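Turn these sequences into a full structure, and let the hints steer you where they fit.
Same order as they appear, the protein sequences are chains V and Y.
Numbers 2 to 635, taken from our numbering, label the letters of the first sequence in order.
Numbers 21 to 660, taken from our numbering, label the letters of the second sequence in order.
Bear in mind the hints are in silico, worked out from the structure with no lab data behind them.
Computed from a predicted structure; not experimentally measured.
Please note that a few of the clues may not be correct.
Straight-line alpha carbon distances no greater than 35 Å define the calculated DSBU-like cross-link-like pairs of lysine-lysine that follow [as the list claims (entries may be wrong)]:
1. Lys570(V) - Lys470(Y)
2. Lys551(V) - Lys644(Y)
3. Lys481(V) - Lys648(Y)
4. Lys127(Y) - Lys324(V)
5. Lys130(Y) - Lys330(V)
6. Lys472(V) - Lys47(Y)
7. Lys127(V) - Lys128(Y)
8. Lys130(Y) - Lys324(V)
9. Lys323(Y) - Lys439(Y)
10. Lys210(Y) - Lys439(Y)
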Amino acid sequence: MVMRISAISLVACLISLSAHSQKLPKFGEVTAEELKMTTCPIDSSASAVILFDKGEISLDGDLRATFKRHIRIKILTKGGLDWGNYSLRLRRANQGISKLKGSTYNLEGGTVVVSAMEDKSVFRGKFDKFRDQVKFTLPNVKEGSVIEYSYVLNSTASLLPDWQFQYSIPNLWSEYAVNIPTMFTFRKDVRGFVPLTRHESKNEGDHELFVMTDVPAFKEEPFLTNPDDFISKISFYISEVIIPGTPVYSLIKSWETIVKEYYKEDSFGVQINGSGFLKKTVEELTAGMTDPEKKIEAIYKYVKSSVAWNSLTDRIPDRTFKKVLEDKKGSSSEINLLMVCMLRKAGVLADPMFLSTRDNGLVREFLTQVDQFNDVICVVTVGGKKRLMDATDKDLPITALPERCMNGKGMIVGENGPEWIPIISARSRKIISADLKIDPAGELTGTLIITGDGIQGGDMRRSYRELGEEKYMKAMLEGKSWEVGKSEFKNMQDPSVPAAENHQLIIREHAQASGSAIYVNPFVIDRMEENQFKSERREYPVDFTCPFEKLHTIKIAVPDGFITEDLPKPKLIGLPGGGGKYTYSVMQVGNTISVTSQLIINKSVFVPDEYPVLREFYNQVLAKQAEQLVLKKK
Amino acid sequence: MKMTKNTLLLVTMMVCFSLAWADSDPKYPVSGIPETLTKGCYAVVREESQTFDIYAINKTSQTVRRVVTILNKKGDGAAQMAVPYDKFRHVAYFHGIAYDASGKIIKKLKQNEILDRSSISGYSLFEDNRIKIADLSQTAYPYTVEFEYQVEMKFLYSIPDFLLYVDDEISTQRSVYKITYPSALQPRFKTFKIGEPKKEKEPDGRESVSWSFENIVPEKFEKSGPDYHKTLPHILAAPDQFEYGGYQGRMDTWQNLGKWQIQLNKGRDVLPEKAISTIRDLTRNMKTNEEKIKAVYEFLQNKTRYVSIQLGIGGLQPFEAKTVDEVSYGDCKALSNYTVALLHAIGINSYYTIIYGGDDNKPVIPDFVGDYFNHIVVAVPNEKDTLWLECTSQTKPFGYMGRFTGERKALMITEEGGKLVNTPSYPTEKNLQSRTAEVYVDTKGNASAKIKTTYAGLQYENNGLDFYVNYEKDEQKKWVQQNTEIPSFDINSFVITNKKNRSPTAIVELNLTLNRLATVSGKRLFLTGNLMNRSTYMPERVEKRRTNVVLKMGYVDLDTIRFHLPEELYSEFLPEPLKVKSRFGEYEAAFKIDQGKVVYVRKMVLNKGEFPPESYNELIEFYKSINKADNIKLVFLNKT
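Here it is as C-alpha cells:
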C-alpha cells in the first residue's frame with residue numbers, strides 16, 4: 002500500500018529507520034517503579050502523568066473499524082484525581098463499546114491493592130439525538146494511585162479516528178498502530194509542536210506505528226488563536242481505494258480539481274457567472290464609471306446595504322442570489338459571492354477566496370480537504386494588486402476584514418485555478434488627540450477626540466450601537482474622575498470614514514499638584530498600564546489578530562505663572578525585521594507642550610523566538626508612557 | 021333560526037374555518053406594545069402564564085405559556101426555552117412559534133428541532149436529569165416567539181418561585197401566575213412587593229390562587245445593592261404535605277422537613293466492620309474530640325474524591341456509606357453521610373446538614389419553610405461551638421467554610437428533625453491581607469523587591485488562592501503573574517505556603533526584579549509609594565440611588581513598603597499623611613523618611629454592612645479619596 006506522507010511525517014519516517022519497537026506491559030502488569038513514583042520525570046510540577054497510552058486501529062474491507070485502547074496513568078497529587086473519571090461519546094447509529102475494564106492500584110503497607118471497576122460504576126446514557134455517552138469512574142483513586150483502563154470501540158462505515166498525543170498532563174509514551182487493508186490508502190496530518198519520536202511502516206504502509214515519547218503537557222497561553230491548532234495529534238483522511246482489476250479510485254483531489262469542480266456547481270460557479278438578472282442592476286450602479294475603484298465601491302455598498310448578514314459562515318450558498326436579495330439577508334457565502342458575481346459583471350477582476358475562521362483553526366495547505374474551509378470572502382485585482390473584501394460586517398470599512406477571518410492563509414478560487422495568499426486586513430488604528438489646559442491645582446480642561454479605523458472603528462461602532470450612547474459613556478467613564486460636558490459622535494453608522502467621538506471634559510485626580518509644582522502624565526486615557534506579557538517564556542506564537550496602531554497626540558497648556566521644568570526625552574524603538582516600532586516625542590511652542598506617542602505593530606503573529614524581544618519592547622513602551630511632565634512655579 | 025342538521029354542519033364548518041384562519045391571522049404585532057415598555061429594553065414579555073396544578077399528593081403539573089418580542093440581538097436569549105425533566109417528570113408537550121414584526125408566522129418549531137440532552141453533562145458523572153432545549157432566535161428584528169409546554173410530575177415537593185422580572189431590560193405586558201389545588205393540599209405562599217391573590221373555585225371543585233400583572237416596567241438594578249429577594253417583586257410557594265419518590269412528609273416546619281430527610285437517609289449509614297475498626301484504631305490514642313474529628317476529616321480527604329452524582333429522588337438521597345467505603349468516591353450527600361457514619365463509629369455525634377452552597381449566598385427565609393438548598397455539609401457539635409466539615413474537598417482546611425458555605429442559615433438534621441442553624445461568620449478584622457516589602461531602587465529607577473503577603477480569613481480565597489495553594493508550582497506561578505499588581509515584573513523566585521487552620525492563611529513570598537519601577541524624567545525620579553495594592557474601583561455615578569448600599573464582605577488590608585534609595589537621591593515632594601473615615605471603613609496612608617529609607621504604610625478597612633441609599637454618594641467620595649491617595653507619587657531629585 003502506498004502512503005502519501007506529509008513533510009512532517011517524512012522526517013519522522015527517516016528517524017524511525019533506526020528505532021525499534023518496545024513491548025508495552027499488559028493490563029494488570031503494574032510495576033513497583035510505577036507505584037513508587039512520586040514525581041513525573043519530565044515535569045516536576047505535574048499533578049498526574051500518562052505512563053503510556055496505546056491505541057490500535059484495524060480496518061476491514063468494508064471499512065469496519067476496531068479501535069483498541071489501553072491507557073495507564075499515575076496520580077501524583079490530589080489535583081490529578083479527576084483523571085479517574087472518564088467520558089466518551091459514541092455515535093449511536095454505528096459505534097459500540099465493548100470489553101471496558103478499569104483498575105486502580107495502590108501500594109498499601111508494601112503490598113499492592115488492586116481495585117477493579119465494577120459495572121455499576123459505568124454509566125451509559127443518551128447524550129443527544131445522535132450520540133450516546135459512556136461515563137465511568139475508577140474506584141479508590143487517591144494520591145499515588147496507578148490507574149488504567151482499556152476498551153474496544155467497534156464502528157461501521159467509519160473513518161479512522163484521530164489520535165491525540167498531547168494532553169494537559171505529560172505523556173511519557175503514546176503509540177498508535179494503524180492496520181489498513183491494501184485496498185485503502187490514507188493520508189495523514191500530524192499537527193502540533195512535538196515531533197514524532199518514531200514512525201514505522203511495514204508492508205507498504207498496511208501496518209504503521211506512530212510513537213511520541215516524553216510529550217510535555219499542553220499549557221494554554223494568552224493571545225493564542227485556537228489551542229486546537231497547537232495540540233499534538235494525528236488525523237487520517239481516506240485518499241484511494243484500490244480494487245484489483247479496476248482502476249484506482251482516488252478520493253483525494255488536487256486543489257486544481259476542487260476549484261474546477263466548484264466552478265461547475267450550480268450554486269457556486271454557475272451562479273457566479275450566470276445570474277443574468279443582475280446585469281441590469283450592475284449597469285445602473287456603475288453607469289458612467291470607468292475607474293474600477295469606483296465600480297468596486299458602488300457594488301460593495303449596494304451588496305452591504307441590500308443584504309444583512311445572518312451570522313452564518315459557509316462556502317456555498319444555500320439559496321440563489323435572487324432569493325438572497327428578496328430575503329434581504331444571507332450567509333457569508335451568499336453575500337460575498339453575490340458581490341463577486343456583480344463585480345465580474347462590471348468587468349472587475351474578482352474571485353472568491355476560501356478561508357477558515359479563527360474558531361475553526363488553521364488551514365493546512367498540503368491537506369487537500371476542502372472542508373477545512375468554513376468561510377468565503379472576495380478578492381479583487383486592480384492594477385495587478387490583490388485586495389481582500391468582505392461585505393458581511395456592517396461596521397467595517399471596505400479595507401478591513403472581520404476579526405474572524407484573520408487566520409493565516411486563504412485560497413483564491415480562481416477561474417484559472419487556486420492561489421494561496423496571506424489574509425491581510427487594513428491596519429486597525431486608534432487615534433487619541435487631546436487639547437487640554439491645566440490649572441495650578443492640576444485640573445485639566447479641554448477636548449478629547451478618539452478616532453477609530455479598521456477593526457478598531459468597527460469595535461467602536463458595534464459597542465455604540467449595542468450599548469446606546471448613555472451606556473457607552475458610562476462604560477467609558479467607569480473608574481474615572483471625569484466630568485464630561487458635551488459629547489459628539491461621528492460616523493457611527495457610516496463605516497467608510499473613521500468613527501469619531503469628541504468630548505468636552507474636565508479631568509480631575511489625574512495630575513499631581515503640590516503648590517509649587519505640577520507633575521502630569523500626558524496620557525490621560527489609554528496609557529499602557531501593565532505589560533500584558535507576564536510570563537518570561539513562551540511556547541506557542543503570539544497572535545495579535547491584525548496589525549494595529551495606537552497614536553496619541555496630546556497638547557497641554559501650561560498655566561500662567563508656571564514654567565516647564567522637565568520634559569521627557571524623545572524615544573524611538575523598533576522591533577527586528579520591521580515587526581513594529583514605537584516613537585515618542587515632545588515639543589513646546591509658547592506655553593503649549595505637545596506629546597506624540599505612536600505604537601505600531603506591523604504583523605499579527607510573533608513566533609516564540611521573537612517573544613523575549615516583544616516582551617521587552619512592551620516593557621520599554623510601558624516605562625516611556627509612565628513619564629511625567631514637570632511644571633514649576635516661577 | 022331553526023337548527024337543522026344542515027345548519028349545524030354549516031356552523032361547525034364555519035367555526036372550523038375561522039379557527040383555521042385564526043392560526044394565520046397576525047398575532048402579537050410589535051405595534052401592539054406600548055412605548056413605555058420598549059424604552060431601554062431589548063425584549064418585552066407580551067403574554068405569560070405559569071400555572072402549577074396540584075391534583076394529588078403525587079400528581080402535579082406545570083403549564084407555561086410565554087410570548088416574548090425580541091427587539092434586538094441582545095434579547096436573543098429570550099428566544100430560547102429549556103425544559104428540564106427526569107424519571108419523575110414527563111414533558112407532556114412543548115410547542116413553539118416565531119412571528120415577524122407584523123405578527124405573521126415565520127416558523128413553527130418541529131419536534132425534531134428540539135435538542136434533547138442530559139442536563140449537566142461534563143460536570144456530573146452519574147445523573148438522570150435531562151433537558152429539552154428549543155431555540156427560535158431569528159436574525160431580523162424585532163420578532164416574537166411563543167412557547168408552550170407542560171410538565172407532568174409524579175410528586176409534590178417544591179413549587180416554582182415566581183419572579184415578576186429577572187432582568188431589568190425585559191418588560192412585561194401581561195403575566196399571570198396561578199396555583200390550583202384540592203383544599204386538603206392547600207399550599208403556603210409568601211409575596212414580596214406583590215398584592216393579595218384572587219381566590220377562585222376551579223370547575224372540578226379544586227381551589228386556586230392567582231395573580232395578574234399588566235404593563236410592568238422593571239426598576240433598574242443597582243450595583244452593590246441588596247439581593248433580588250429584597251428588591252424584586254416575587255412569590256414563594258411551598259406545600260405543607262408532600263410526597264417524593266414514595267416518601268411522604270410535611271414541610272410546615274423546619275423540624276418536619278428534617279424528619280423527611282431522616283426517612284431518606286435511614287439505614288444508609290452502615291459501615292463495614294473493617295472501616296469501623298480502621299477508624300477506631302486511627303483515633304484510639306487521641307485525647308480531644310477535636311483531634312479525633314480532624315483525623316476523621318483528613319482520613320476522608322485522603323481516601324475519597326468528589327464525583328457529582330444526581331440520581332434518584334431529585335438528587336436528595338445519599339447513596340450508602342458502605343458503597344463510599346468500597347469505591348472511595350461520592351457526591352456531597354454520600355460523602356457527608358459517610359463522614360457522619362465514621363464519626364458515629366468513634367462515638368462522636370454529628371449531623372448531616374442541608375445548605376445552599378455558593379458565593380452568592382442565596383438567603384433562606386426562616387419563616388417560610390421550603391427547599392432553598394443545593395448542597396450538604398456536616399456539623400459536629402464540639403464543647404463550646406460547632407465544627408463544620410466540607411466533605412467534597414480533598415484539600416479544604418479542617419473546619420473552614422469560607423465564601424461557599426459560611427455566614428448563612430443551614431438545615432441541620434438532628435435526631436428530633438430539622439433545625440435551622442447559622443454557619444460560621446468571618447468578621448472584618450479576621451479577613452486580613454497583610455504585606456511587608458523591601459524594595460531596593462537604583463538611580464535609573466530599576467529595583468528589586470522581596471515581598472511577603474499573608475492572606476487570612478476570607479482573603480485566603482482571593483482570586484482562587486485557596487485552590488492555587490494546592491496546585492503545582494507552574495500553576496501557582498500563573499496566580500502570582502495575574503495577581504501581582506505591578507506594571508512590569510520578572511519573578512526570580514516565589515514560595516506559597518498554605519496554613520490550614522479553621523481560619524486558614526496563605527503566605528506568598530516573592531522575589532522580583534522590577535525594571536523601571538520608578539520613572540526617571542531628567543533629574544527627577546518618580547515613585548508610586550503604593551507598590552501593589554492600588555484601589556481602582558469607582559462606584560458608577562447615578563442620578564438618584566434607590567436601594568440600600570450593601571457591602572458583602574468586610575476586610576482589612578495592611579501594606580508596609582520600605583524603599584531603600586541610593587544616597588544621591590533626596591526628596592522633592594513627600595505627600596502629607598492622609599486619613600479618611602466613613603461609615604464604610606477607614607483608610608490611612610503615610611510616608612516616613614527613616615535613615616535613607618522611605619517607608620510607606622497603608623491601612624484600609626472596609627466594613628461589611630447595609631447602608632441607606634442616600635449614603636451612596638459618600639461611597640463614591642470614599643473611593644475617590646482612596647484612589648487618588650493610592651496613586652500619589654513621591655518625587656526625588658538627583659544631587660549629581
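Hints and how they fare:
1. Lys570(V) - Lys470(Y): This hinted pair holds, its Cα atoms lying about 31 Å apart.
2. Lys551(V) - Lys644(Y): holds (29 Å)
3. Lys481(V) - Lys648(Y): holds (11 Å)
4. Lys127(Y) - Lys324(V): Given that 35 Å is the threshold and the Cα spacing comes to 18 Å, the pair holds.
5. Lys130(Y) - Lys330(V): holds (23 Å)
6. Lys472(V) - Lys47(Y): holds (33 Å)
7. Lys127(V) - Lys128(Y): Given pair Lys127(V), Lys128(Y) holds - Cα atoms ~26 Å apart, limit 35 Å.
8. Lys130(Y) - Lys324(V): It holds: about 24 Å lies between the C-alpha atoms, which stays within 35 Å.
9. Lys323(Y) - Lys439(Y): Given pair Lys323(Y), Lys439(Y) holds - Cα atoms ~30 Å apart, limit 35 Å.
10. Lys210(Y) - Lys439(Y): holds (21 Å)
Every hint from the earlier list agrees with this structure, and none is contradicted.
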